[in-house]
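There are 2 protein chains.
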Amino acid sequence: MELKYENSQVLSKIANTYHGENSPYFSVKQVYDADPFHPTKNPNGIIQMAVAENKLTYELIAEWIKKNPGASVCSPEGADDFKNIAAFQDFHGLPEFRDAVAKIMKKVRGGKVNYDPDRIVMAGGVRGAMEMVMFCLADPGDAFLVPSPWYPGFDRFLKWRTGVQLFPVVCESSNNFQITREALEEAYDNARKANIRVKGLVITNPSNPLGNTVDRDTLRTLVTFINDKQIHFLCDEVYAATVFRSPDFVSVSEIIEEVECNRNLIHLLYGLAKDLGLSGFRVGIVYSYNDTVMNLCRKMSMVCLVSSQTQYFIARMLSDEKFIDEFLSESAARLGRRHNTFIKGLEKAGIKCLESNGAVYCWMDLRQLLQEPTFEAETSLWKTIINVYKLNVLPGSTFHCKEPGWFRISFASMDDETLRVALERIQIFASEILNGHNFISNTCNGK
Amino acid sequence: MELKYENSQVLSKIANTYHGENSPYFSVKQVYDADPFHPTKNPNGIIQMAVAENKLTYELIAEWIKKNPGASVCSPEGADDFKNIAAFQDFHGLPEFRDAVAKIMKKVRGGKVNYDPDRIVMAGGVRGAMEMVMFCLADPGDAFLVPSPWYPGFDRFLKWRTGVQLFPVVCESSNNFQITREALEEAYDNARKANIRVKGLVITNPSNPLGNTVDRDTLRTLVTFINDKQIHFLCDEVYAATVFRSPDFVSVSEIIEEVECNRNLIHLLYGLAKDLGLSGFRVGIVYSYNDTVMNLCRKMSMVCLVSSQTQYFIARMLSDEKFIDEFLSESAARLGRRHNTFIKGLEKAGIKCLESNGAVYCWMDLRQLLQEPTFEAETSLWKTIINVYKLNVLPGSTFHCKEPGWFRISFASMDDETLRVALERIQIFASEILNGHNFISNTCNGK
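Top line first, the protein sequences correspond to chains G and C.
In terms of this note's numbering, the first sequence has 400 at position 400, counting the first letter as 1, and numbering is strictly consecutive.
In terms of this note's numbering, the second sequence has 143 at position 143, counting the first letter as 1, and numbering is strictly consecutive.
Since the hints were derived computationally from the structure, they do not count as laboratory data.
Keep in mind that the hints are not guaranteed to be accurate.
One copy or any two copies: either way a pair holds, since identical chains are not told apart in the list.
The calculated EDC-like cross-link candidates involving lysine to aspartate or glutamate, where the alpha carbons are at most 16 angstroms apart (straight line), are [as the list claims (entries may be wrong)]:
#1 66 - 77
#2 67 - 77
#3 348 - 325
#4 193 - 254
#5 229 - 172
#6 55 - 81
#7 193 - 415
Next up, chain G with everything else stripped away, as it sits in the complex (with noise of 0.2 angstroms):
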C-alpha cells in the first residue's frame, strides 16, 4: 500500500529549512553515547567534554531533598497538596513560584537589582524563552545581531521557527574577543547595505562559548549602541550565578539603571538550568521590560508550560533562602576549584585558555596544534580529538567563530577521576601533535 504514494507530500517551508542539524551541537550526546567511558566497565570510551552541564553539585539538593520530604506533590508527605496542583495550569503561573523566582533573579545578580514577580514569564526552558522573544519582535527575513563566537543553539531557537536571521558582530582574539563599538557599527552599516532590517542584539552574559562575564564598560557600549539605534536588546543571562572568580557578574537590569535608555528595548532570559544543574526540569524564565511583549509572551507561553510539579517543587526549594545562599556559594567554590585544576592541567600540556571567571567550560586555544590554519584543518583536528583521544569537545566553527583553532571544553560535567583521565589524555594528545605524530591526516576521513 505504501508503495501508491510518494512519501513526499507537501511539508511547510519550515520543514525544509536549515535548522543546524549539521551542528556538532545537536549531536553530542549521541557521539558520546556510541562508546561512553567508564572508570572499569569502558576505561578506553569517550570523555563527555562537550555538553555544559554542572555536575559538581547535585548531591547538595539530593540531601535537601531528603530532608524536605514535603516539597514534591508526588511524596508521600506532598500528596495531599497533589490535587491542587495536578491541574494548576494558569499560564501566569504558581503565585509562589513566581516569588521565588523573582527573589532568586535577585539574589544571584548581587542583590543589586529587584524583579517584579508579575513580570515573570515562564517557558519550558530557555530555548522556548528566547524563541517567543523572538517571535515577538521580528518578522522573518529580519536580523539580530550576535557577537561571534556565539552559541549554537540561537541558530535553531531563535531562527528555525520565526525565519529571523542572525548577523555576525565580528570579535577576535586579539582583545580577547570583546565587543567593540566599531563591531557593532560595522556589523550593522553590513546588514544595512545587504538591504537587512536589524531588529536587534542578542548576547549570552556570562558568554556562551568563552565562559567569561561581558565587563560593565562593554555592557554600557552595548546599551548604549542599541538605545542609539533604538533596536532590541536580548541578554541570555542563564549562567548569572555560575561565576566563579572576579569580576563579578554585572546583569544588563543594573546597567539600564545607569545608562540612558529606553527600557521597552530590554528583554532579559534567565533559567535554573546552569545556576542550579536543572537542566531536566525545563524552567525558563522570560523578563522584558517591555509590557507589550511582556503579555504576548505571556499567551505565547501556553504552548511551553512549565510542569506544575517542578513550579511546585522549585517554589518550596528557592524559598529556603539558607539553603539556596549556601547552594550558590558552594557551587561556584566548587567550580572554581574545579576550573583551576583544569587550567593548571591544560597547561602542563602547553595548552592555554581564554581568561574566564564563570560558566561550566573553556575556550581552548589549540592554534598552535593546526597543520594550517585553517577551518578544514580544525575539523580534522577535532576528529583527532574525538577518535584517538576519545575526548568530546566542540570545535570553534560550531560557535561562529571566525578564527580556526579555538575549542570548548566543559570541566564540569564529570566527577574528579573522569576529570583526571582526561586531563592525561590532553597531555598526551598535545605532545604526541605536537611532536609530529600525524594522526590527524590517518584519521580525519575515519568519520
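Start from chain G and add chain C according to the hints.
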C-alpha cells in the same frame, strides 16, 4: 526618561495578529477568580463550569503516591536518582517514559492498535504538540479544514505563530452535528474558490465541545476524504479514555488499518491532561505516521520538552498497569454516574443536551431560552447566566458554532455538593427565563 520614547518600537507582525484574546475561552479563569463559589465562605459566588477538568479522581492518584514513595526523584525515597534525572534533557525523552506512554496509548484504545515507543515525540502539553505539527505541515496563509463547532484553543495554538488559517466545515444540529462528506467537499471547494490552499483537516475525537465520540463510519469518511484529496489529517485524541458509555471510542489508528490510506498524512495528538486529570503536568504527545514530520517535531520539541521530573513520575505510575487499569475503569464509572446525575438535573429544568458519551462537559441546547435566534441574544443569555445565576459556562459562539443557543457546560470540575447547587441554580434560571422574567435585557449592559 520613559517619556522620551514611545511605547511603540516596532514589534513583529505576529505581535499584532489576533490570537483569540477576546474569546471567553481564554478568560474562564479570570471570570471565576473574581467571585469564586465556596459552600460556606462564598455561597453566592460563581460556580466554575467553563473549564474542561475532571476533578473526580485525584484522590486515587494521591493514594497511589502514598503507596509508592520512590516515584518522585524529589522525594526522600527517590532522591538517589535525582542526579540522573535533574540534568536529563535528551529530547527523545526517558526510554521508560516513551515505553509507558506507548503502552497507555494502546490501553486507552482498547488494546486494538500498537504504538512504537520510538515514534513518541513529547511536547509540553497538547497545545505545543499541535503547534509543532502545524509548523511542519503548513505555511502562512494555508488552511486547515475544521468541523464547527470547534475547540477554541485551535484559534491560538494552530493559527497564531504559524500564520495558518482555519476554514470551517459547517455541522448542524439537524443531524446532531455529524460531519458529512458533503460538508467536507463544500468547505474544500469554498476554500479553493477563495484561492486558499487546503493542507489538511483537523478534528477532536472525542469532540470538544460536543462531548461525543466520532463514530466509525464518520471516521472512515474522513480518512477517505483526506486520502482522496491527499491532504493531512490531524486527530486530537486527548479524551481517548474519557469515554463512559457506548459506543466505544474508535481511534484513527484503527481506521487506517481498515481503509486505504497514505499513512504519511496521519498525525495523532495525545496527552495526559484529560484521561489522567494531569493538565498541570504538561504532557503532550505527537504520534505522526510520517517519518519526516516525526523527526522534525522531535527537533522542534526542544523548545517545549516535558520536565524530566514529570517524565520520571509518569513512567513509574504508568508502569503500574494494575493501578492504571483500575484507575481508568473507576474514572469512567465515576464520570458516567456524574453525567447521568447532571443530565437528569437538566431534564428537570426542561433543558436537553446533545447526546454524548465522553469528555467532561455537555453541549447544552438553550435555543428555546433565546429572545431571538441571534448571537446577540446568545451573548445576552450568557451574561445573564454568569452575572445573575453565577454559573460560568461558555457560549457556542466561542466554538464557532453556526447556530446560536448552544452552550458548553462542564460537569466534572466540581464536587457533588457544588454540582447540587449548580443544578438548583440551573432549574431556577430556566424556570424564571421561560416564565418571562426579563433578566437578560436588565443585565446585558452590565458587563
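We went through each hint and held it up to the structure:
1. 66 - 77: Both ways: residue 66 and residue 77 sit 12 angstroms apart in one copy and 8 angstroms across, limit 16 angstroms.
2. 67 - 77: For residue 67 and residue 77, the Cα distance is within 16 angstroms both inside one copy (12 angstroms) and across copies (11 angstroms).
3. 348 - 325: neither (35 angstroms within a copy, 61 angstroms between copies)
4. 193 - 254: Classified as neither: same-chain Cα gap 34 angstroms, cross-chain 57 angstroms, threshold 16 angstroms.
5. 229 - 172: Classified as neither: same-chain Cα gap 24 angstroms, cross-chain 55 angstroms, threshold 16 angstroms.
6. 55 - 81: between (31 angstroms within a copy, 13 angstroms between copies)
7. 193 - 415: neither (50 angstroms within a copy, 65 angstroms between copies)
Against the hints set out earlier in the document, violations occur for numbers 3, 4, 5 and 7.
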